[in-house]
Amino acid sequence: MSDTPAPARPSASVVIIRDGDHSLEYLLLRRNDKIAFHGGAWVFAGGRVDDADQTPAGLSELDVAKNAAVREAMEETGLSVSATAMTPFAHWTTPVQLPKRFATWFFVAPVSGNPEVRIDNSEIVDFQWLSADAALAMHHADELTLPGPTYVTLTRFRELASSTDMRSHLENHEIQTFVPRIAKIDGGRCAIYSEDAGYETVDMDAPGARHRLLMRGQNFDYQRDF
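Just so it is clear: in the sequence shown, position 104 is 132 by our numbering, and no numbers are missing.
Some clues are possibly wrong.
Label-pair ranges, simulated between beta-carbon atoms [claimed, not checked]: (1) Ala-34 with Asp-249: 25 to 31 Å; (2) Glu-171 with Ala-34: 17 to 23 Å; (3) Glu-171 with Asn-149: 17 to 23 Å; (4) Thr-83 with His-168: 42 to 48 Å; (5) Thr-205 with Val-153: 28 to 34 Å; (6) Pro-235 with Ser-140: 44 to 50 Å.
Straight-line distance between alpha carbons at most 20 Å, and here's what the computed DMTMM-like set of lysine to aspartate or glutamate pairs gives [unchecked claim]: (7) Lys-128 with Asp-78; (8) Lys-128 with Glu-151; (9) Lys-212 with Glu-223; (10) Lys-212 with Asp-233; (11) Lys-62 with Glu-103; (12) Lys-62 with Asp-233; (13) Lys-212 with Asp-249; (14) Lys-62 with Asp-154.
Bear in mind the hints are in silico, worked out from the structure with no lab data behind them.
The beta-carbon is built from N, C-alpha and C at its ideal position, and this holds for glycine as well.
Starting from the given sequences, assemble the full structure and let the hints guide the process.
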């Protein structure tokens, strides 16, 4: 068995948001249980970069990812999102221990009103518009499953009440980069991020700053103390 990590495939994810009656709402999609990567989980629209996303020639990596995000949003939700209206806010790379790895740009894309969502009932089998608080509470209650990046993203945005708040937040924060390292813990695992004092040594007890996601079944605990 090779010790060489699997290549991280260029990918894009788009967080589609709308202003709900009482809160900012996020479009979450349930992946088919039969899919190997995050099967059954509730995720944002997204997927791998295709050859078509790389045209015209000479596009930057970010613009290629935007093209992929636009295409994936249409394929998975039936919604047309504008590349010019999308804002990048994070880049995630799958841990080296995993057999399938992705290097994923994350974007926010607002939509207006109550657009009709059309899923394919193949790769995507259900959808919901949810506030960040509702989605996180449902995860902890085992009513839906959120992958780590989705959980961390919703936790970051949970205090934002409107698309205006979101726009202001993104304008005032730099793009965050996540290259997790995985540590085993009692009852589960922990994703350690680069700002954490234990990142280089994968030492859970290293003194200093904490930036990590502890995962014990559906019990997630995101710690970021800086």
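Here is what the structure says about each hint:
1. Between Ala-34 and Asp-249, the C-beta spacing of about 28 Å keeps the proposed range 25 to 31 Å intact.
2. For the pair Glu-171 and Ala-34, the beta carbons lie near 32 Å from each other, so the given range of 17 to 23 Å is not met.
3. Against the hinted window of 17 to 23 Å, the Cβ-Cβ separation of Glu-171 and Asn-149 comes to about 21 Å, which satisfies the hint.
4. The hinted window of 42 to 48 Å between Thr-83 and His-168 holds, with their beta carbons roughly 43 Å apart.
5. Checked against the hint of 28 to 34 Å, the C-beta distance between Thr-205 and Val-153 comes to roughly 32 Å, which is consistent with it.
6. Separated by about 48 Å at the C-beta atoms, Pro-235 and Ser-140 satisfy the suggested range of 44 to 50 Å.
7. Among the hinted pairs, Lys-128 with Asp-78 is consistent with the structure: their alpha-carbon atoms are about 17 Å apart, no more than 20 Å.
8. Restraint check: the Cα-Cα separation between Lys-128 and Glu-151 comes to about 17 Å, which is no more than 20 Å; the hinted pair holds.
9. A distance of roughly 19 Å separates the Cα atoms of Lys-212 and Glu-223; the hinted pair therefore holds under the 20 Å criterion.
10. Pair hint Lys-212 plus Asp-233 holds up; C-alpha atoms about 13 Å apart against a cutoff of 20 Å.
11. Simply put, Lys-62 and Glu-103 have alpha-carbon atoms about 19 Å apart, close enough for the 20 Å limit, and the pair holds.
12. Under the criterion of a C-alpha separation no larger than 20 Å, the hint pairing Lys-62 with Asp-233 is inconsistent with the structure, at around 37 Å.
13. Simply put, Lys-212 and Asp-249 have alpha-carbon atoms about 15 Å apart, close enough for the 20 Å limit, and the pair holds.
14. Proposed proximity of Lys-62 and Asp-154 is supported: the alpha carbons are some 14 Å apart, at most 20 Å.
Going through the hint list in order, the structure does not satisfy hints 2, 12.
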